[in-house]
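K.L.:
Sequence:
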Amino acid sequence: MAIMNKLTVEYNYDLVDRDFDFYEITTTEKYIPRGAYILDKPNCEFKAESVVFDDHKTLYVMFRKSTVSRMRLVKMIDDDKLMVNTLQASRLKTYILFRLFLFALNNYENQELSFNNITGKLYICRPDWMAKNKKTFTSLGVNVDNEMNIIAEAVTFSLLSNFKNAKKFKDYPKYIFSNKNCALKRVTSDDYGQEVYIKRASFNKKAVIPYFEFAPKSLKNNKVYHIYDILAIMSQKYGQYFSFKFDEIEITKSIGHFRDEHFMDKALSQFKDYKLNFVNFVKGAEFLTDFGDMVNRIVEGRNTNYHISPHIFADECNIVLIHNEDYYLDNDYVDPYKSFDRKSIIQCVSIEDSAYKIIEEKTAIIDTIIKEVVIKHDIINTNRISLDDWESFNFATDWIFGRACDNKVYFLIVHPDGKFDFLTKQNNFDSFNSDILDDCANILFDDNQEKYVVSNGKDIILITKTNRYILPSSELFTLETISRSKQSREKYLSGVVDINLFKLKDNQSFYNVGIKGSGMNTSIPHAPLLYKVKIIAGRNIIEDILGLMSATFVKYKSFTVIPYPFKYLNEFILMNREYSSEEK
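The numbering used here puts the first residue of the sequence shown at 1, with every later residue one more than the last.
For the record, the hints were derived by calculation from the structure and aren't laboratory data. Incorrect hints may appear among the rest.
[What the hints assert, rightly or not] In silico PhoX-like cross-links for lysine-lysine, where the CA-CA straight-line distance does not exceed 25 Å:
1) Lys557 with Lys206
2) Lys491 with Lys516
3) Lys164 with Lys57
4) Lys266 with Lys253
5) Lys362 with Lys465
6) Lys185 with Lys57
7) Lys532 with Lys503
All chains should be modelled from the sequences, with the hints used to inform the complete structure.
P.N.:
Following this line, the structure appears as structure tokens:
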């Protein structure tokens with residue numbers, strides 16, 4: 001059995017109501033701003049245990065019994081647009097009550113970390129998550145969603161002075177960070193008189209806290225450890241008021257091997273014959289040497305048929321040096337990416353994220369650039385999957401892969417020989433003149449949730465991402481050394497490694513994609529999310545295509561989380577997307 005991050009909770013409501021008071025605060029406006037002083041008033045004035053949001057219009061406050069009456073709270077808030085109601089614990093939604101106790105840990109701290117309940121959320125801070133230059137620090141936000149899935153997300157706080165256009169963020173909540181106890185304090189006045197932080201990354205420097213790490217020094221500094229640790233602290237402090245346990249799920253099938261270990265040989269054999277055009281869209285003489293070094297690293301021993309020009313050519317493979325999207329947004333510059341000809345092969349390399357890694361001869365990055373060019377070439381010129389042997393699946397029918405984007409539906413139809421076609425249409429009454437495609441389109445247009453439809457021409461399934469994922473066993477944190485043997489993986493990492501199919505009694509099924517179990521890395525960077533599979537018509541065909549996640553050319557040397565034909569479909573969508581004048 002595998003351990004899910006979904007919690008089942010039982011409350012002792014009588015005991016909760018004996019010791020705590022709960023107030024619901026709602027607004028007659030469209031929303032309560034995340035930076036509103038109302039988030040701080042209860043805590044500052046009356047030392048509230050916690051404050052949490054449910055939606056944009058509603059928040060809840062928990063106090064120790066008889067700390068403050070409703071009338072005093074209304075008088076203190078002093079806002080006729082806000083309404084205050086008293087609630088018993090049993091009337092609170094299960095996840096709201098759990099959040100209130102979870103966020104009430106905001107006063108907990110030790111030498112290694114502190115818990116902070118700010119803007120209606122709980123953030124864990126550690127001294128070693130602060131950047132050496134003090135300009136940014138990483139924090140771990142811990143929460144439960146409305147299905148009681150516990151979630152841990154890394155976020156970045158940056159000095160407001162990092163941003164050239166700081167006025168854009170004047171309405172952001174602002175914080176002071178204490179180096180002494182690693183605590184965050186929200187600034188409630190514009191006259192703060194010192195450097196403050198906002199919750200935003202600069203130049204796409206995304207926060208990174210590994211999901212799980214095996215190394216002894218990192219074993220207690222990752223998301224999984226902090227999830228178990230915070231729940232243990234919560235249980236110790238508030239265990240008399242409720243009990244909880246993790247739900248479990250049974251694995252019915254696993255795949256632990258790559259099917260395309262030699263895909264780079266295929267990619268290189270095609271890349272060497274392409275005509276390449278390198279273009280530099282990064283202004284500044286200081287980047288000219290970097291651009292030249294990047295070109296040399298990519299073509300070195302791989303292709304001699306290339307040139308450098310200031311323009312994109314429709315009949316060539318264009319590799320373009322560019323800034324990343326955040327650079328243009330933060331500096332109010334026009335992003336040239338949004339004006340590129342979508343019918344040309346254009347592979348962008350951002351100076352912030354990839355260029356220097358290429359210059360340093362990081363093979364994985366160079367291979368990724370080459371592979372991406374080959375995929376774009378497949379889409380525009382050959383209409384055939386070239387990086388995998390599709391015929392080896394021995395499919396007897398066409399397979400349909402579809403998703404919606406920008407009020408359109410897009411389909412990739414892969415034939416048994418690996419050749420493919422794309423189809424698209426607006427959300428209107430036009431028909432594909434195919435019942436199966438029309439049915440798939442209607443499913444995709446049903447709501448705005450990100451989802452993927454797959455069909456073999458008869459059966460239809462719908463794949464959606466969930467907030468659930470599989471947790472390693474908590475016993476790992478009590479071991480002196482962690483073995484990566486098959487027996488150890490099965491005992492402690494069940495469902496965390498390899499590709500796994502899970503079937504429930506009510507005909508529901510899920511799958512997830514972890515790291516390859518054999519020869520595991522020392523780190524598992526991301527949680528192995530569960531993807532839900534819903535049968536729309538016919539039988540459940542997910543097992544037939546489970547092998548489509550074992551290709552590694554989508555994520556370099558890793559499994560892919562959705563069937564790899566969606567990589568081709570997503571690239572087609574990006575290459576054919578139309579940007580509005582505002583986006584340009």
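K.L.:
Work down the list of hints and note, for each, if the structure agrees.
P.N.:
Verification of the hints:
no.: 1; hint: Lys557 with Lys206; result: holds, 22 Å
no.: 2; hint: Lys491 with Lys516; result: holds, 16 Å
no.: 3; hint: Lys164 with Lys57; result: violated, 32 Å
no.: 4; hint: Lys266 with Lys253; result: violated, 30 Å
no.: 5; hint: Lys362 with Lys465; result: violated, 32 Å
no.: 6; hint: Lys185 with Lys57; result: holds, 24 Å
no.: 7; hint: Lys532 with Lys503; result: holds, 10 Å
Comparing the model with each earlier hint shows violations of hints 3, 4 and 5; every other hint is respected.
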